[in-house]
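**Student:** So the chains spell out like this:
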Amino acid sequence: MNIGPIVRAMRHNRTRVVLIVLEIGMTLAIVTNCINVILAEREKMGQPSGFDDDNIVWMLERPFTAEFKDQTFLGNIIPADLRAIAAVPGVRAAGNTSFQLWEGGGSSTRVRALDQKRDPVGTQRYYGTQDVLEALGTRIAEGRGFTEEDFRGPQGEAAAGPVAVISKALADDLFPDGKALGKTIGETASADGALDEPVRVIGVLETFYNPWGIGGGEPNALGFRGMFRPGGVASYARGIPYLIRTEPGAMSSVIAEVEKRLAAANPGRTFEFKRTDEKKERWFAGSKIVVTTMSCIIVALVAVTTLGLLGLTSLAVAERTRQIGTRRALGATRGAILRHFLLENWLLTTAGLLLGVFGAYALNFLLVSRVSDVKMDWRLVVGGMVLLWVSGLLSTVPAALRAATVSPSIATRSV
Amino acid sequence: MLSYHLQNALRSLRRNPILTALLVGGIALGISVSTAFVALRHMYQQDFLPGKSHRVLFVRLDSWTTDHAFNPEDPDSVPDQLTYRDARALLRSPVPRHQTPTFITRMFVHPDPKVSRPYQPDVRLCFSDLFDIFGMPFRFGGPWSKEADAKPEQVIVIDDATNQKLFGGGNSVGRTVRLEDRDFRVVGVLAPWRPPLRLFELERNPAGPPEPMYIPFNFVEPLQISSSGNSAGWQGVPIRTFEEWLASESVWVQYWVELPDDAAAGAYSDWLRAYIQEQKKLGRFPRPIRFRITTIAEMVEELHLMPDGVKAMSVVSLLFLAVCSVNLVGILLGKFLARVPEVSVRRALGASRAQIFWQHVIECELIGVLGGALGVLASLGILHLLAQYMRNGEALRLDGEMLLISLFLSLVAGLVAGLYPAWRICSVPPAMQLKVQ
Chain A
1 MNIGPIVRAM RHNRTRVVLI VLEIGMTLAI VTNCINVILA EREKMGQPSG FDDDNIVWML
61 ERPFTAEFKD QTFLGNIIPA DLRAIAAVPG VRAAGNTSFQ LWEGGGSSTR VRALDQKRDP
121 VGTQRYYGTQ DVLEALGTRI AEGRGFTEED FRGPQGEAAA GPVAVISKAL ADDLFPDGKA
181 LGKTIGETAS ADGALDEPVR VIGVLETFYN PWGIGGGEPN ALGFRGMFRP GGVASYARGI
241 PYLIRTEPGA MSSVIAEVEK RLAAANPGRT FEFKRTDEKK ERWFAGSKIV VTTMSCIIVA
301 LVAVTTLGLL GLTSLAVAER TRQIGTRRAL GATRGAILRH FLLENWLLTT AGLLLGVFGA
361 YALNFLLVSR VSDVKMDWRL VVGGMVLLWV SGLLSTVPAA LRAATVSPSI ATRSV
Chain B
1 MLSYHLQNAL RSLRRNPILT ALLVGGIALG ISVSTAFVAL RHMYQQDFLP GKSHRVLFVR
61 LDSWTTDHAF NPEDPDSVPD QLTYRDARAL LRSPVPRHQT PTFITRMFVH PDPKVSRPYQ
121 PDVRLCFSDL FDIFGMPFRF GGPWSKEADA KPEQVIVIDD ATNQKLFGGG NSVGRTVRLE
181 DRDFRVVGVL APWRPPLRLF ELERNPAGPP EPMYIPFNFV EPLQISSSGN SAGWQGVPIR
241 TFEEWLASES VWVQYWVELP DDAAAGAYSD WLRAYIQEQK KLGRFPRPIR FRITTIAEMV
301 EELHLMPDGV KAMSVVSLLF LAVCSVNLVG ILLGKFLARV PEVSVRRALG ASRAQIFWQH
361 VIECELIGVL GGALGVLASL GILHLLAQYM RNGEALRLDG EMLLISLFLS LVAGLVAGLY
421 PAWRICSVPP AMQLKVQ
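Just so you know, the protein sequences line up as chains A and B, in that order. Each residue of the first sequence is one higher than the last, beginning at 1 in my numbering. Each residue of the second sequence is one higher than the last, beginning at 1 in my numbering.
Please keep in mind that the hints were generated in silico from the structure rather than gathered at the bench. Hints are not guaranteed to be accurate.
[Unchecked claim] Only pairs whose alpha carbons sit at most 25 angstroms apart, straight line, appear in this in silico PhoX-like list of lysine-lysine:
1. 168/A - 179/A
2. 279/A - 260/A
3. 288/A - 183/A
4. 44/A - 260/A
5. 274/A - 260/A
6. 44/A - 311/B
7. 52/B - 274/A
8. 52/B - 280/A
9. 260/A - 311/B
10. 44/A - 168/A
11. 274/A - 288/A
12. 168/A - 117/A
13. 117/A - 44/A
14. 375/A - 311/B
15. 168/A - 69/A
16. 280/A - 151/B
17. 44/A - 375/A
18. 168/A - 183/A
19. 288/A - 114/B
20. 274/A - 44/A
21. 288/A - 44/A
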């Protein structure tokens, strides 16, 4: 097929050429960037926390009677509550802890190994009772979780000195050689400052992720670093927080029964429950909006562009009916006419796609410099090109077929 | 002339309803998406306190340790809040028109047992200036007096929802709310008020609603109230008593000022600098003199409060609108060029090129405005959907400014779609077509 005449014919229809190239180009640029953003959000949403998210509920007891202002009373009510909770059918484990999953807030500090003079590493820090790791359903990669021994001391600490279970990410950052077990770490502000409350590492958690930061779900390093220490958490002002892990499907009945039994045991408090699955849904609400919106925009965009191309090619055929008739009269076959339009459109689509590749990276640069570092994946660009090649070609077919049916006698008529 | 063009445009639009629907629909589709997502972005970038946004400032002082900055990774960072003693001292400044230290705590409300079980809402402690600074609307009563601030008197301002819950929504001014073991007299009931951000305290839970209850700040000491919000410290000495807590270098109080005019910012900076210098003599403020007085808009920027996705979506939605209008160029070109004989006759009868041009541009703008109106209506649906997924969705709405932006976008979209077709049609020579006829 001869490309020369097609290109020369285009010169007489510059508007159409420019419009098609522009439409295809813009669509490719936007579609690939939308998919890119969708993939990034998906990845964020798929980040495992390492905990049995679907079956954990957080409960906050808020006391309002004076007896809860007494430290001894507070110390005694935690084990009593834990026993009552454990007795509820459907409860797998429960712990009193300052840890809240998928919250973004919490407590943070900086820690350093005792025998190393390095800058301290930021980490989240939480306290919990003996069964807290069981209540989280987390897997321990090395060492062990808390045992009764760890709570024997007068302040509820381990008799053999305070201990901690840390996340793998924190262990790797503190001890690049991979040997964290048994080492002593402590909170400090600087590379050579004294260690505040040094603790011995007794266990390393396989996975730990609790997004850290305000509002968004951006995974940052602090989100993967965590440290659990033995200890109860209770005060009159801030209440008494628990994490309860249930058997699958037992969540609702457990919540109702726990509230009933605890309120019966001591009515001087209110209970607030937050299911982790609902919290997670709220946490990712923004990502969900982005994914849904971007998906809808992609569909609408491809539809609008396809319709636009359909219109333009129909116009092109309608405008050139007489020329087509003349060519047919001069001996061109139907196939030749069909090929002419398909090839013409293929050329324009390809030119548009080249512009689009450029635009895709330009827009990505614009979005990246504003948004987080979501780099454009070249496979996406190729995928988008194939998609638009196909839709570009398909949108030409009806008009091209119509062109092929133009009869040679049209050339002899004056319209 | 305009009404003549408009009539012509309307007639032309009526002539081919399907084509018109396609054109108007195309613009409407683009406008609905772009309006919704620009509105989402606008929610974070609007003028939060109209008329005085630049005069209402959040105050922070660098009272941190020499060992490291507040954020060890950022040497320029300053503590996000003030120490209690600095908050008290700042009240002495004569420069601001209004000023208040503020923080939240949790207190048990003991309602009439017939109404509800005890519950523990967030309670904000503040001076009555807070209500003025943030322009909070009252349904009944108003802020408490300066005397109530000073004493302090057991007075309380409650929000509309609390008034519904405790008092059935009537005028409850003069009635009492039992907080912990004291009765507080209601002096004001807020009208429903839900700014998109929790303006008082942007560092924490920024998308949350304002607190339901407000009591005088000076209850901190007599009732030994501590913050239920964030606190941070660096001293590393154990704090045993409430007095030691108040005197410590822990930061947990937010501080807001409203300056009388733009010139006062300089005077206030000088005052703060002098204050830090004076404190340095007492051995405090060991770091170089550093403080920040920032507007809400600057805080929104600094704290990165607008979710990243919002920016991306607003850019993409505007590009989507652009594609929609570019797509209409082809259709309009076809529509206009079909009218060549008619235009040619009109040109021969004396219509100028400019007249033809304007007639068609106005037709396009009419399409733009019609599509825009339809699009804005559709965007209400999109916003409604979005709001359900957002904590601050209640505050997501189209304000006057947003409507103007949408109108502007529709006009631009109409112009993008129609400028070239209108130019093509107005360059039709008058005589040519007559010859053929």
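**Student:** Look at each hint and say if it fits the structure.
**Tutor:** Evaluated hints:
{"no.": "1", "hint": "168/A - 179/A", "verdict": "holds, 11 angstroms"}
{"no.": "2", "hint": "279/A - 260/A", "verdict": "holds, 23 angstroms"}
{"no.": "3", "hint": "288/A - 183/A", "verdict": "violated, 42 angstroms"}
{"no.": "4", "hint": "44/A - 260/A", "verdict": "violated, 37 angstroms"}
{"no.": "5", "hint": "274/A - 260/A", "verdict": "holds, 16 angstroms"}
{"no.": "6", "hint": "44/A - 311/B", "verdict": "holds, 18 angstroms"}
{"no.": "7", "hint": "52/B - 274/A", "verdict": "violated, 39 angstroms"}
{"no.": "8", "hint": "52/B - 280/A", "verdict": "violated, 38 angstroms"}
{"no.": "9", "hint": "260/A - 311/B", "verdict": "violated, 47 angstroms"}
{"no.": "10", "hint": "44/A - 168/A", "verdict": "holds, 19 angstroms"}
{"no.": "11", "hint": "274/A - 288/A", "verdict": "holds, 20 angstroms"}
{"no.": "12", "hint": "168/A - 117/A", "verdict": "holds, 21 angstroms"}
{"no.": "13", "hint": "117/A - 44/A", "verdict": "violated, 34 angstroms"}
{"no.": "14", "hint": "375/A - 311/B", "verdict": "holds, 16 angstroms"}
{"no.": "15", "hint": "168/A - 69/A", "verdict": "violated, 38 angstroms"}
{"no.": "16", "hint": "280/A - 151/B", "verdict": "violated, 45 angstroms"}
{"no.": "17", "hint": "44/A - 375/A", "verdict": "holds, 15 angstroms"}
{"no.": "18", "hint": "168/A - 183/A", "verdict": "holds, 14 angstroms"}
{"no.": "19", "hint": "288/A - 114/B", "verdict": "violated, 42 angstroms"}
{"no.": "20", "hint": "274/A - 44/A", "verdict": "holds, 22 angstroms"}
{"no.": "21", "hint": "288/A - 44/A", "verdict": "holds, 11 angstroms"}
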